[in-house]
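Top line first, the protein sequences correspond to chains A and B. Numbered per the working numbering, the first sequence spans residues 1 to 370. Numbered per the working numbering, the second sequence spans residues 371 to 723.
The set of hints was computed from the structure by calculation and includes no laboratory data. Any given hint could be a false lead.
What the hints assert, rightly or not - Rough simulated footprint, nothing fancy, chain B against chain A, three-plus residues with beta-carbon under 8 Å:
| # | segment |
| --- | --- |
| 1 | 112-126 |
| 2 | 199-211 |
| 3 | 225-235 |
Note that beta-carbon positions come from the ideal geometry of N, C-alpha and C, so glycine has one too.
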Amino acid sequence: MADAKVIPFDDDRSRGGAGARPSRRRSTGSRRSGAEPAVVREVQPLPARVAAAPEGGPETGESPQDRPALQAGPSLPSPPAREPGEGEGVRGGLERRVASGLSFLRRRLTGEYDVDDFGYDAELTDQVLMSLLRPVYEKYFRVDVKGIENIPKAGGALIVANHSGTLPLDGLMMQVAVHDHHPAGRHLRLLAADLVFVLPVVNELARKLGHTLACTEDAERLLGQGELVGVMPEGFKGIGKPFSERYKLQRFGRGGFVSTALRQGAPIIPCSIVGAEEIYPMIGNAKTLARLLGFPYFPLTPTFPWLGPLGAIPLPTKWTIQFGEPIPTDGYPPEAAEDPMLMFNLTDQVREQIQHTLYKLLVQRRSVFF
Amino acid sequence: MGQVVLVTGVARRLAGRFVRRIQRDAQVDRVVAVDAVPPEHHLGGADFIQADIRQATIARVLAETGADTVVHMDVTGTALGGGSRATVKETNVIGTMQLLGACQKSPSVKRLVVKSSTNVYGSASRDPAVFTETTPAKSLPSGGFAKDAVEVEGYVRGFARRRPDVAVCVLRFANILGPTVDTPLASYFALPVLPTVFGYDPRLQFVHEDDVIEVLRIASHEARRGTLNSGTFNIAGDGVLLLSQCSRRLGRPTVPLLLPAVTWAGSLVRTLGMTDFSPEQIRLLTHGRVVATDQMRDTLGFTPKYTTAETFADFVRSRGPGLLPPEALSGAVDRIAALSLRGSGHPPTQSAN
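Required output: the full structure, derived from the provided sequences and hints.
Structure representation (structure tokens):
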């Protein structure tokens with residue numbers, strides 16, 4: 001009975017304006033090779049429907065004897081049956097959002113959600129963390145995204161970007177850019193420095209956002225699973241460089257990302273990020289303090305330690321993220337990953353391309369803030 | 371002629387279950403169960419021999435029974451019946467050395483199965499997210515059961531080198547859970563309120579005790595066609611649960627504590643002897659550990675019946691409800707939902723008809 005009443009809602013929703021997000025969710029579901037059927041991703045719009053959820057979902061943690069309790073629990077006043085799209089759009093939309101929010105809350109409270117082996121919590125990322133980052137992305141840094149079509153619709157690919165800005169906001173913004181703009185709604189899995197996984201809270205959030213440690217094993221595993229992996233090979237040298245060296249690419253690590261991509265045959269997509277350099281103009285580096293705290297650098301900006309927490313607010317620069325033409329790596333023989341010469345050449349090629357695009361974008365830029 | 375299987379550490383319930391199970395296999399003639407103390411559970415029709423594997427008597431037992439398959443399950447983290455940590459270490463390390471020495475002398479031994487643990491990988495922030503059998507540990511466990519397991523595996527590798535004719539299978543089990551298993555992690559989950567490390571949400575993997583029995587059986591018999599059952603294998607259920615998910619599914623609230631406080635409290639309860647909340651346990655509950663099980667599937671040819679989540683659900687069923695049962699929470703959410711529906715109070719609209 002309850003189901004019959006709910007069907008119009010579902011219909012309504014899939015026809016209604018909420019096109020972009022559900023489609024994205026579906027596509028993620030199908031992309032993860034059968035780890036979980038796409039059914040889970042559907043938010044149950046009505047609490048009355050929730051009682052039926054355990055049967056359909058792969059929420060295997062649900063014990064059989066829990067089910068009667070669940071079904072007995074909500075004795076809801078079932079909403080009157082309505083025809084879809086009867087011109088009550090606003091309130092209906094609000095209701096649906098409340099209902100889906102409550103079913104989300106319910107899943108979170110009972111622990112009935114899935115994370116992957118890396119601790120990536122797709123639901124939390126989509127529904128909460130991305131919503132928190134999006135205002136920063138859209139309103140604060142007003143990010144322009146170019147060349148999103150260079151990211152393949154499916155299969156593993158390695159996005160290699162420049163790194164700057166004292167705090168790794170550029171990685172997060174790149175993640176939002178891919179998440180919100182890519183037509184297939186792909187999720188970017190960033191490779192983060194080991195410091196991220198040492199810090200409490202930060203490591204927890206990073207794992208839930210789908211980040212993992214920048215090491216060959218993890219990168220290869222993710223690429224092998226057909227994920228989109230983001231890496232910033234400059235590392236601390238790039239993010240902690242003084243303001244005077246802005247937009248000068250540092251050494252690209254030891255080129256490990258190239259051999260990883262070669263081994264997996266994944267294309268390398270160079271990515272240039274303009275605007276992140278100026279968010280915290282680092283004019284000095286308190287090395288002693290950094291060593292005391294165990295950080296690779298301790299930034300001194302015109303505002304940072306002097307204004308206290310206020311100084312930690314980034315400058316509202318205008319950002320551009322440009323994804324470049326993919327560099328294919330599948331044409332090389334298997335032993336190519338062991339060829340240091342080829343590795344250096346490819347590393348340089350990627351680096352040159354990013355640097356070149358950076359200069360081009362800088363010339364086009366009208367001002368740092370607009 | 372059927373197999374003669376010698377199983378060590380049978381006073382534990384898991385090993386007892388294994389002894390009872392493997393007797394039913396057609397190719398097994400005789401099961402010899404060995405432990406230093408007589409088990410409280412029955413062992414089916416197995417011959418129990420009271421022998422301490424730390425003593426040289428084990429060599430005589432092995433020679434007299436003519437066992438061709440040795441299943442070494444006496445590598446454990448906790449003492450049986452309130453023994454000290456030193457005894458456990460003795461049994462783990464010295465016991466393994468004695469047993470391996472006996473096996474090396476015995477011409478009849480054809481197969482050795484060792485129950486190890488994924489603890490050997492340690493748990494650190496700089497570790498890769500997923501361990502494979504070949505991943506070297508970034509920080510070798512400094513003590514406790516994990517170090518024992520590392521040392522045991524070292525001796526087993528040495529044995530495999532000296533006796534290449536013996537098929538050696540090392541099974542690294544993730545955290546074993548089940549209705550009857552008594553592991554440190556199970557007793558941790560039995561706490562009314564779970565202390566956690568603030569700012570960390572470790573990824574945990576579980577393996578069900580039924581699967582443990584099954585994979586031990588596979589390893590103790592001849593390899594099936596197309597599979598290989600000698601070598602080192604990670605054994606874990608599919609998928610991952612975060613500690614936060616575990617606590618919610620259990621319905622037990624968590625108390626996040628700062629890492630130094632947890633370490634301090636851990637050493638306090640250890641000194642008081644209340645629980646075995648060892649440093650490696652704290653590291654596991656800080657950084658978590660996930661292993662790859664591709665080798666288990668492809669080479670060993672074993673597919674666990676229970677996923678990590680199913681294992682945990684089975685474990686939850688066997689325990690009583692916690693302080694915040696998930697059903698109560700979802701019921702509360704449903705009541706809020708009902709209220710909000712009533713509150714929005716849209717008038718009962720007429721249908722199109």
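According to a criterion of three or more residues whose C-beta lies within less than 8 Å of a C-beta of chain B, is the segment 199-211 of chain A covered? Held - the segment 199-211 of chain A has 8 residues with a Cβ nearer than 8 Å to chain B, which meets the minimum of three.
Can you confirm whether chain B covers the segment 225-235 of chain A, using C-beta to C-beta distances below 8 Å and requiring at least three such residues? Check failed, 0 qualifying residues.
Residue count check for the segment 112-126 of chain A against chain B: does it reach three with CB-CB under 8 Å? holds (count 9)
The structure does not agree with numbered hint 3 stated previously, though it agrees with all others.
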